[in-house]
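For reference, the chains in residue letters:
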Amino acid sequence: MGCISQSQLLQQQRRFRSTWISVAVGLGLSLSQLACQHQHSSDRLTVASAGRIASLDPAQANTYGTLQLLSALGDTLYTREQDNSLKPQLAAEQPQISDGGRTVTIPLRRDVLFHDGTRFDAEAMAFSLNRFLRIGIQSYVVGDRIEAIETPASDVLRLRLSRPSSSLESLLTSPYLTPISPTAYANHKDRFLNDRFIGTGPYKLISFRATQQRLVPFKRYWGAPPSNAGLDMINLSNSTALFGALRSGEVDVLLSESIDEDQRLALDRRADQGLLLESSGPALQIGYITFLSNAPPLLSKQVRQALVHSLDRSLISTRVSHGQRQPLRSLIPPSLQGGRQEPWPIYSPDRTRTLLRQAGYCQGQPLELPLTYRSNVPSDRLMALTWQAQLSRDLPDCIRLRLEGVESTTVYGYLGKGAFKAVMLDWGGSYPDPEAYLAPLLSCTQAKGDICEAGEAVISGSFWTRPGLEKALRRSDSLKGAERLEQLLAIDTMAAEGAAYLPVWLVTPKAWAQTHLAPLEFNGSGQLRLARLREKR
Amino acid sequence: MARGRELLRYGATRLALAPVMLWLISSLVFLLLRVAPGDPVDAVLGSRAPADAKAQIREQLGLAMPLSDQYFDFINRLIHGDLGTALINQEPVRHIIADALPASLELSITALILAAVSGLAVGFSGIARPEGKLDLAGRFYGIGTYALPPFWVAMLLQLLFAVILGWLPVGGRFPPSLVPPSGSGFLILDSILSGDWVALNGAVRHLALPACTLGLLLSGVFTNALRLNLRRALRSDYVEAARSRGLSESQVVLRHALPNALLPVLTIAGITVASLIGGALLIEVTFSWPGIALRLQESINQRDYPVVQGIVVVIAALVVMISVFVDLLVASLDPRVRY
Numbered sequence: 000m001g002c003i004s005q006s007q008l009l010q011q012q013r014r015f016r017s018t019w020i021s022v023a024v025g026l027g028l029s030l031s032q033l034a035c036q037h038q039h040s041s042d043r044l045t046v047a048s049a050g051r052i053a054s055l056d057p058a059q060a061n062t063y064g065t066l067q068l069l070s071a072l073g074d075t076l077y078t079r080e081q082d083n084s085l086k087p088q089l090a091a092e093q094p095q096i097s098d099g100g101r102t103v104t105i106p107l108r109r110d111v112l113f114h115d116g117t118r119f120d121a122e123a124m125a126f127s128l129n130r131f132l133r134i135g136i137q138s139y140v141v142g143d144r145i146e147a148i149e150t151p152a153s154d155v156l157r158l159r160l161s162r163p164s165s166s167l168e169s170l171l172t173s174p175y176l177t178p179i180s181p182t183a184y185a186n187h188k189d190r191f192l193n194d195r196f197i198g199t200g201p202y203k204l205i206s207f208r209a210t211q212q213r214l215v216p217f218k219r220y221w222g223a224p225p226s227n228a229g230l231d232m233i234n235l236s237n238s239t240a241l242f243g244a245l246r247s248g249e250v251d252v253l254l255s256e257s258i259d260e261d262q263r264l265a266l267d268r269r270a271d272q273g274l275l276l277e278s279s280g281p282a283l284q285i286g287y288i289t290f291l292s293n294a295p296p297l298l299s300k301q302v303r304q305a306l307v308h309s310l311d312r313s314l315i316s317t318r319v320s321h322g323q324r325q326p327l328r329s330l331i332p333p334s335l336q337g338g339r340q341e342p343w344p345i346y347s348p349d350r351t352r353t354l355l356r357q358a359g360y361c362q363g364q365p366l367e368l369p370l371t372y373r374s375n376v377p378s379d380r381l382m383a384l385t386w387q388a389q390l391s392r393d394l395p396d397c398i399r400l401r402l403e404g405v406e407s408t409t410v411y412g413y414l415g416k417g418a419f420k421a422v423m424l425d426w427g428g429s430y431p432d433p434e435a436y437l438a439p440l441l442s443c444t445q446a447k448g449d450i451c452e453a454g455e456a457v458i459s460g461s462f463w464t465r466p467g468l469e470k471a472l473r474r475s476d477s478l479k480g481a482e483r484l485e486q487l488l489a490i491d492t493m494a495a496e497g498a499a500y501l502p503v504w505l506v507t508p509k510a511w512a513q514t515h516l517a518p519l520e521f522n523g524s525g526q527l528r529l530a531r532l533r534e535k536r
Numbered sequence: 000m001a002r003g004r005e006l007l008r009y010g011a012t013r014l015a016l017a018p019v020m021l022w023l024i025s026s027l028v029f030l031l032l033r034v035a036p037g038d039p040v041d042a043v044l045g046s047r048a049p050a051d052a053k054a055q056i057r058e059q060l061g062l063a064m065p066l067s068d069q070y071f072d073f074i075n076r077l078i079h080g081d082l083g084t085a086l087i088n089q090e091p092v093r094h095i096i097a098d099a100l101p102a103s104l105e106l107s108i109t110a111l112i113l114a115a116v117s118g119l120a121v122g123f124s125g126i127a128r129p130e131g132k133l134d135l136a137g138r139f140y141g142i143g144t145y146a147l148p149p150f151w152v153a154m155l156l157q158l159l160f161a162v163i164l165g166w167l168p169v170g171g172r173f174p175p176s177l178v179p180p181s182g183s184g185f186l187i188l189d190s191i192l193s194g195d196w197v198a199l200n201g202a203v204r205h206l207a208l209p210a211c212t213l214g215l216l217l218s219g220v221f222t223n224a225l226r227l228n229l230r231r232a233l234r235s236d237y238v239e240a241a242r243s244r245g246l247s248e249s250q251v252v253l254r255h256a257l258p259n260a261l262l263p264v265l266t267i268a269g270i271t272v273a274s275l276i277g278g279a280l281l282i283e284v285t286f287s288w289p290g291i292a293l294r295l296q297e298s299i300n301q302r303d304y305p306v307v308q309g310i311v312v313v314i315a316a317l318v319v320m321i322s323v324f325v326d327l328l329v330a331s332l333d334p335r336v337r338y
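Residue numbers (numbering that gives the first Met the number 0), protein chains in the order written: chain A, 0 to 536; chain B, 0 to 338.
Calculated from the structure, these hints are not laboratory results. Source: prediction; values computed, not measured. Just so you know, even glycine gets a beta-carbon here, dropped at the ideal spot from N, CA and C. Check the hints yourself; a few may be wrong.
If you anchor each label on the Cβ, the simulated ranges turn out as follows [claimed, not checked]:
(1) A:S279 to B:D51: 36 to 44 Å
(2) B:L155 to A:Q93: 21 to 29 Å
(3) A:G480 to B:L159: 55 to 63 Å
(4) A:V215 to B:L227: 31 to 39 Å
(5) A:G222 to B:G45: 25 to 33 Å
(6) B:F324 to A:T182: 27 to 35 Å
(7) A:S206 to B:D51: 51 to 59 Å
(8) B:G194 to A:V215: 18 to 26 Å
(9) A:D189 to B:G45: 18 to 26 Å
From the derived model, a few chain B residues whose C-beta atoms are all more than 10 Å from chain A [as the list claims (entries may be wrong)]:
(10) A1
(11) A11
(12) S26
(13) L30
(14) L44
(15) A48
(16) E58
(17) N75
(18) I87
(19) V169
(20) P175
(21) V178
(22) N259
(23) F286
(24) L293
(25) E297
Build out the structure end to end from the sequences listed, making use of the hints.
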């Protein structure tokens, strides 16, 4: 290339560069202008949570986000308050129990309308319950308890039970059982209606997308109207986006599930500095390890007991969650009846060593144990890594953990087939009652000695039971008050002695909000009261 | 005329082979999904559902049939244009694709335009002085942007522009306080067609960060491709011939070397847009962009066979169509191309 041609090109380049600089400056200025528009244009509030909402049908709901949304769009017969008391919502008063606990009569409010303008009555409630029992994916939570649903009057619902059930009251607080309009769901009696919801709640749905829902106050709501002008619910796909959206002021309220531990901690710190509001509900989600108890090496109770002594929960809690996940030594969350006791033993490496020696391990023959964790749950992976490191520090000659990360869907698919010797899982009851924690982990319908062959214990992957345990579970559900508490303690103690499960931690639901809002409130079921979100006065 | 017929024949042959390719891909996806661990019924009902309920839903969804029957049923439906319904919520798969595909296309096309403009500009800027500062910077840019991990860049840009500066939204596709305009599913186009400038502003603001990130990451490919091809073109005989005819250097570059150097870039652009439709997963996840890649990932996690199959078949069809189109375009622009 000659000199002249080069200078021509250089000239062109200069022109080109100056054009680009002008474009970049213009773009920057435009963005700055746009940034000024990034404020709330209305008094509606934006609430963010994780994950898509695939369906709004209560018969199909199974995620935290969906249940939270349903709690704003619908009502339940009763609600559980933070002090654990049962408060009538669509019911006019407390349930009346008769016939030795086999009949539950529920007087209903007469002033309730569905969002489509039709009246809520006993027939509508029966329609909703029957539909859930028929097609609900979580219908097992009711099980065989309800034999018949009767409507003796338009404002009276009667449930005939197959056995007395003290957990039924809590079950009636579940969003799964929120009533839906029989008129609106006439064509969906036996199939799901995913993109609409016609209930009785304080909000009405006006637009639905899997990642975005718009709610407006229902003007003919029977109760106190919502304290805000409406809600825009958004669902983001990851923790970083949720965290960033709250920090940037893009959203007003952030619900905590699926927020990574480091980001939770950062939000907590901002709340401590007064830059955010923070509120927490009752901790109702437990993290635990299931041991496969029908095959060696964990067929031996002694080995299982050794393992339950080997977990340093305080260390795990500190290292994994900066102390935010409280150590747990019971299958029942402490906020529920019977959850205050702690029958699982505390961390004791000496006891572990002794038990393992008795079982023929240590002394050059360590227990090789594969521990499976859900690879798509970061806290599970951290827990597994920390426990592995803790064991190689404290009991290097006795236990060697081999970690295996498996994706959630595969874990749940193979859990009941006995594929995992030890697996880290979590569980949140479908309603706030000890029954919703004990039965799904311990119930067994067919057993041979201490090995469960059919039932929830198989589905849970432990295959463990004990003679008398199923009877004790049934009995606890038929008792009330101190008698029930005593029975629950006995069951929890039996489970601790059996050592087929190892409770690890407790997860507290949290929500954060911008400081222009009034303090947030949770109900006793761990759901944020969305209708009470409001600007600070 | 003869060349036109040749092109037509080539295009027809490629398109005639497309169904075979789609059949192979769909069969492979069908088999791989069935081999993969995890039960879709568990994803629908939960692992704790009663066995009879599971059996009932298995029957309803056709999962109780022998695998061969399931396969022939799937292929039969596919031939008739029926992609089936999602196992999770019984939504027709074509609705799911119609909802998610425009989001991915909008993102991909915008990112491609940004990548092409910025990448080609950087590639072109160093051509006057090979091995000069600008050329070296262009080379560094080309390699650097190509090598950067997408999720890391995405999170950094998200942190800077959304969290710290607050200029742009962190994620999502549209402001939650607005109702998206209805129409084609391309929100920018729909906003313009409906004259809703507030919606347009919202859609552009949400698109800006993911599109710029993706554009930045792709631009290096264009930079490198243009640099190499342009330098090769500038050394070729026809360029020397042009120079010897007394044309100015800018005429030589812009009229002779550049069009020839851009032909391979066109092919790269075609391949890139095709791969982006299903491959922008990390960007879609980071920015919560409700596109087809994110939907595909969720459906794989849920073992939602019909959705995964439907999305893969549609993406494959798009890739085939785009590659045929690009081949024909290149052939029509470059008379040297023979088939």
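Hint-by-hint comparison with the structure:
{"no.": "1", "hint": "A:S279 to B:D51: 36 to 44 Å", "in the structure": "holds (40 Å)"}
{"no.": "2", "hint": "B:L155 to A:Q93: 21 to 29 Å", "in the structure": "violated (56 Å)"}
{"no.": "3", "hint": "A:G480 to B:L159: 55 to 63 Å", "in the structure": "holds (59 Å)"}
{"no.": "4", "hint": "A:V215 to B:L227: 31 to 39 Å", "in the structure": "violated (58 Å)"}
{"no.": "5", "hint": "A:G222 to B:G45: 25 to 33 Å", "in the structure": "holds (32 Å)"}
{"no.": "6", "hint": "B:F324 to A:T182: 27 to 35 Å", "in the structure": "violated (51 Å)"}
{"no.": "7", "hint": "A:S206 to B:D51: 51 to 59 Å", "in the structure": "violated (38 Å)"}
{"no.": "8", "hint": "B:G194 to A:V215: 18 to 26 Å", "in the structure": "holds (25 Å)"}
{"no.": "9", "hint": "A:D189 to B:G45: 18 to 26 Å", "in the structure": "holds (19 Å)"}
{"no.": "10", "hint": "A1", "in the structure": "holds (39 Å)"}
{"no.": "11", "hint": "A11", "in the structure": "holds (40 Å)"}
{"no.": "12", "hint": "S26", "in the structure": "holds (23 Å)"}
{"no.": "13", "hint": "L30", "in the structure": "holds (18 Å)"}
{"no.": "14", "hint": "L44", "in the structure": "violated (5 Å)"}
{"no.": "15", "hint": "A48", "in the structure": "violated (6 Å)"}
{"no.": "16", "hint": "E58", "in the structure": "holds (14 Å)"}
{"no.": "17", "hint": "N75", "in the structure": "holds (24 Å)"}
{"no.": "18", "hint": "I87", "in the structure": "violated (5 Å)"}
{"no.": "19", "hint": "V169", "in the structure": "violated (4 Å)"}
{"no.": "20", "hint": "P175", "in the structure": "violated (4 Å)"}
{"no.": "21", "hint": "V178", "in the structure": "violated (6 Å)"}
{"no.": "22", "hint": "N259", "in the structure": "holds (17 Å)"}
{"no.": "23", "hint": "F286", "in the structure": "violated (7 Å)"}
{"no.": "24", "hint": "L293", "in the structure": "violated (6 Å)"}
{"no.": "25", "hint": "E297", "in the structure": "violated (7 Å)"}
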